[in-house]
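Peer 1: Sequence:
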Amino acid sequence: MSAFDALVRPALVRIAAPGSGYDPHGDRYWGTGFFIAPGWVLTCAHVVAEGGSAVWRSEPAVGVTWEDGETTREATGTVVLALPRPERPEDPPDRWAFPDVALLRVPGTQQASCVRLGERPPVPPTAVGLHGWSRETGELGVRHVQGQLIGSDGQALITDWVMPVEGCSGGPVVDLAQGAVVGLNKGRGRDGGAVVPVTALRRLHDLPGGGAMGEALRAHDRHHLARYRSLDDRPDWTRAQRLLPASHGVSPGLRTQLYGHFAELPAPTAPGEVMDLIDQVKAWIRDDDLPDALEDDPRTWSEGAGLLRGLRAPRRDGVRDLDLDAVLLYAAHVVRHVSGRYGERADTAALTRWIVDESGDADRHLRRAIDRLVGPGRTAPLSVREPRARADVLLEIDTPRYDRRYPWRVKLLLDGHTVSPLHCDDRGVERARLRETLREPLADALRRGDSGPHLAAVEAVLPRELFDEPLDTWRLEPPQGPEDTWATTLGQRRIVVIRDARRHDREPAPEWRERWEAGERGPLRAAPLRAEVPGAG
Numbered sequence: 027m028s029a030f031d032a033l034v035r036p037a038l039v040r041i042a043a044p045g046s047g048y049d050p051h052g053d054r055y056w057g058t059g060f061f062i063a064p065g066w067v068l069t070c071a072h073v074v075a076e077g078g079s080a081v082w083r084s085e086p087a088v089g090v091t092w093e094d095g096e097t098t099r100e101a102t103g104t105v106v107l108a109l110p111r112p113e114r115p116e117d118p119p120d121r122w123a124f125p126d127v128a129l130l131r132v133p134g135t136q137q138a139s140c141v142r143l144g145e146r147p148p149v150p151p152t153a154v155g156l157h158g159w160s161r162e163t164g165e166l167g168v169r170h171v172q173g174q175l176i177g178s179d180g181q182a183l184i185t186d187w188v189m190p191v192e193g194c195s196g197g198p199v200v201d202l203a204q205g206a207v208v209g210l211n212k213g214r215g216r217d218g219g220a221v222v223p224v225t226a227l228r229r230l231h232d233l234p235g236g237g238a239m240g241e242a243l244r245a246h247d248r249h250h251l252a253r254y255r256s257l258d259d260r261p262d263w264t265r266a267q268r269l270l271p272a273s274h275g276v277s278p279g280l281r282t283q284l285y286g287h288f289a290e291l292p293a294p295t296a297p298g299e300v301m302d303l304i305d306q307v308k309a310w311i312r313d314d315d316l317p318d319a320l321e322d323d324p325r326t327w328s329e330g331a332g333l334l335r336g337l338r339a340p341r342r343d344g345v346r347d348l349d350l351d352a353v354l355l356y357a358a359h360v361v362r363h364v365s366g367r368y369g370e371r372a373d374t375a376a377l378t379r380w381i382v383d384e385s386g387d388a389d390r391h392l393r394r395a396i397d398r399l400v401g402p403g404r405t406a407p408l409s410v411r412e413p414r415a416r417a418d419v420l421l422e423i424d425t426p427r428y429d430r431r432y433p434w435r436v437k438l439l440l441d442g443h444t445v446s447p448l449h450c451d452d453r454g455v456e457r458a459r460l461r462e463t464l465r466e467p468l469a470d471a472l473r474r475g476d477s478g479p480h481l482a483a484v485e486a487v488l489p490r491e492l493f494d495e496p497l498d499t500w501r502l503e504p505p506q507g508p509e510d511t512w513a514t515t516l517g518q519r520r521i522v523v524i525r526d527a528r529r530h531d532r533e534p535a536p537e538w539r540e541r542w543e544a545g546e547r548g549p550l551r552a553a554p555l556r557a558e559v560p561g562a563g
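In this text, residue positions in the sequence shown follow the working numbering: the first is 27, and each later residue adds one.
Mixed in with the good hints there might be a few duds.
As the list claims (entries may be wrong) - Here are the computed distance ranges between Cβ atoms for each label pair:
| # | residue 1 | residue 2 | range |
| --- | --- | --- | --- |
| 1 | G45 | Q137 | 14 to 24 Å |
| 2 | R490 | R394 | 48 to 58 Å |
| 3 | E462 | G95 | 50 to 60 Å |
| 4 | L550 | R529 | 17 to 27 Å |
| 5 | G279 | Q137 | 36 to 46 Å |
| 6 | G235 | G369 | 26 to 36 Å |
| 7 | G369 | P433 | 39 to 49 Å |
| 8 | R398 | R490 | 44 to 54 Å |
| 9 | E543 | T152 | 48 to 58 Å |
In short, the hints are calculated from the structure, not lab data. Where is the CB? At the ideal position from N, CA and C, for every residue including glycine.
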């Protein structure tokens, strides 16, 4: 058993009906879960569904039991977020669609041990430990096996010949190379197991009440910082990660400190807000402005820092650890961004001191860049580049090929030229289902394109027969309240442009290009169409 597997054990919980914690045979046992932060438990949606409709009415209907040393402790939790969530609580589905996750709030558990979540997905093949409670031997007990993550199938990760048994659903999967939990046991297939990656938690942020997911993740980072700073001799995740094979870049201790500081800042409002800062850091590190075609969907400042690990910059060969340089510069960008947006409501002093202290050994170019962002006297908001959306959204719908089905694609237009594909369906859908089908892909793309208050535009390239489709009146998400901006129509919040798909099939006329280039140079001026001088009367 690895040091990380031993750290999982006290965070592992049994999910059952309330009052079933001391049932040795597990007759009322539903499945497994684990603490991700004091007061917060993660499990599978199909596990808590065993509790019936009371669970989906957000009643305290979930029993949570865990082992605290030699003491068995029990509490009652409430499902705060779940995906999918049954439309009819009294009639849950027979098969649970991906991602099959549920977040529970469990009061009275502030002293619970918690796992460390990975901030980036694993890279198969990699050795993993799978954990859970089961009744495989007749009595309820902890099950732990080691296996390999060998790849993915759709959105799920796949383990090779290691199958979670009944009761292990909802248990944590530990990447032994990262030293962090990277997924949950979901189920079993013919030759292996299916794992829900922790990156699937990002979708919980978009649900009604999704702020609870961010609250839980901030509590997670605070918990691990407190454990790292503690003087007691209990093992903790950060120190265990330090025993992994030596690697360059940001050490486990530095990551824990940085993420703890990030937890005290206002959370980003959309993934595009994080990606915009990542784009700027990559441009500085690589010394070019070429957009990165690889897209991601980070929901926290910590996830953004994780995406900068393993950065490559051929022009900076021989320079000290690029990972550390990139993360320090990113942290400085976060401070500048948050200070400019929230002013004195955001206390960035502690994080600023940490950045300055850790940048002492950086080269002069990096120190100068960081000083420009967070140095003394930089209290006014600094526009690193012209305020704008990170990207616009390109929607392409083709003429039907058969059965009156319209193929479609949703892409990001990063700099007016670089295109990053996100979603597509080459088979297409009927016109009557276009709005329903495109709602979530468009919402996802817009979240990635928006940067704070700067909103992405929508450019729709359509066949002429769809010009009367009221795209500007579409609502992408059901309203979560009277102040919910996503409940307004596309045209009320952002620019929506309709373009003729046939114009993409051939080069534009010279006069069209001349007008376009003149418009880009701007500004446009009104010109009289007739030269007569108006007379009196």
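Peer 1: Which numbered hints does this structure break?
Peer 2: 5
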